[in-house]
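Q: Sequence:
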Amino acid sequence: MNNQKVKNNLNIQKIVLTTVATVGLISIAVLAPNILQVFKQFSKDTRNRKNYLNKSIKNLIQKGNLIWEEKNGKKFLRITEKGKEQLAKYEIGDLEIKKPKRWDKKWRVVMFDIKESRKGTRHILRSALDRLGFVKLQNSVWIFPYDCEELVILMKSNLFLGKDVLYMTVDKLENDKWLKEIFDID
Numbered sequence: 159m160n161n162q163k164v165k166n167n168l169n170i171q172k173i174v175l176t177t178v179a180t181v182g183l184i185s186i187a188v189l190a191p192n193i194l195q196v197f198k199q200f201s202k203d204t205r206n207r208k209n210y211l212n213k214s215i216k217n218l219i220q221k222g223n224l225i226w227e228e229k230n231g232k233k234f235l236r237i238t239e240k241g242k243e244q245l246a247k248y249e250i251g252d253l254e255i256k257k258p259k260r261w262d263k264k265w266r267v268v269m270f271d272i273k274e275s276r277k278g279t280r281h282i283l284r285s286a287l288d289r290l291g292f293v294k295l296q297n298s299v300w301i302f303p304y305d306c307e308e309l310v311i312l313m314k315s316n317l318f319l320g321k322d323v324l325y326m327t328v329d330k331l332e333n334d335k336w337l338k339e340i341f342d343i344d
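Start counting the sequence shown at 159; every next residue gets the next number (the numbering used here).
These aren't lab readings, by the way, just hints derived from the structure by calculation. In this text the structure is predicted, and so the values were computed from the model without any measurement. All residues carry an ideal CB built from backbone N, CA and C; glycine is no exception. Mixed in with the good hints there might be a few duds.
Listed below are the simulated DSSO-like cross-link pairs for lysine-lysine, each with C-alpha atoms no more than 30 angstroms apart in a straight line [unchecked claim]:
{"no.": "1", "residue 1": "273", "residue 2": "240"}
{"no.": "2", "residue 1": "335", "residue 2": "257"}
{"no.": "3", "residue 1": "263", "residue 2": "240"}
{"no.": "4", "residue 1": "314", "residue 2": "259"}
Cβ pair distances, simulated, as ranges [claimed, not checked]:
{"no.": "5", "residue 1": "274", "residue 2": "226", "range": "30 to 36 angstroms"}
{"no.": "6", "residue 1": "291", "residue 2": "315", "range": "19 to 25 angstroms"}
{"no.": "7", "residue 1": "328", "residue 2": "217", "range": "40 to 46 angstroms"}
{"no.": "8", "residue 1": "343", "residue 2": "275", "range": "36 to 42 angstroms"}
{"no.": "9", "residue 1": "182", "residue 2": "296", "range": "41 to 47 angstroms"}
{"no.": "10", "residue 1": "222", "residue 2": "331", "range": "41 to 47 angstroms"}
{"no.": "11", "residue 1": "334", "residue 2": "311", "range": "23 to 29 angstroms"}
{"no.": "12", "residue 1": "264", "residue 2": "233", "range": "50 to 56 angstroms"}
{"no.": "13", "residue 1": "226", "residue 2": "318", "range": "21 to 27 angstroms"}
{"no.": "14", "residue 1": "254", "residue 2": "217", "range": "26 to 32 angstroms"}
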């Protein structure tokens, strides 16, 4: 499968999970028309859009992210706890930090100690920090020059990390010249 198809499939899965999570229980009859409208960006062929949707739902069910529930003789999709975690991972990929015009001369440090049993979550956090522009001081210590506390709180919440991640604002950091060069600040 080429990279564009993989990306499209992940986008579709994110849309499906978001929709089901927002609504709660949802029937395929309600889900399909609304999502198919969004899918126009992925494919002009209507059969292809329906095919994408069906494959995505089947895939999400197989992975344990969605389940079918029966209520009053009708079938509905419901997001599982695993699906909520997957949705949180997708949302972290959408995060951005707004950089102010001036640096306040303070460093933001994110430190974490995440158990080996959650190494996948640890990898997601590291990838997100890297993508956001943090610089790795050590494997579990990352630094950034701008305020990002709200974003770190959101990541902690979405990844269910709680006290496993610490956020610090540091007024002075020895030998930070190389960091200032990397971030092009003074």
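Q: Each hint needs a verdict: does it hold in this structure or not?
A: Structure-based check of all given hints:
no. : hint                            : in the structure
1   : 273 <-> 240                     : holds, 18 angstroms
2   : 335 <-> 257                     : holds, 19 angstroms
3   : 263 <-> 240                     : violated, 40 angstroms
4   : 314 <-> 259                     : holds, 27 angstroms
5   : 274 <-> 226: 30 to 36 angstroms : holds, 34 angstroms
6   : 291 <-> 315: 19 to 25 angstroms : holds, 21 angstroms
7   : 328 <-> 217: 40 to 46 angstroms : holds, 44 angstroms
8   : 343 <-> 275: 36 to 42 angstroms : holds, 38 angstroms
9   : 182 <-> 296: 41 to 47 angstroms : holds, 42 angstroms
10  : 222 <-> 331: 41 to 47 angstroms : holds, 43 angstroms
11  : 334 <-> 311: 23 to 29 angstroms : holds, 25 angstroms
12  : 264 <-> 233: 50 to 56 angstroms : holds, 54 angstroms
13  : 226 <-> 318: 21 to 27 angstroms : holds, 25 angstroms
14  : 254 <-> 217: 26 to 32 angstroms : holds, 28 angstroms
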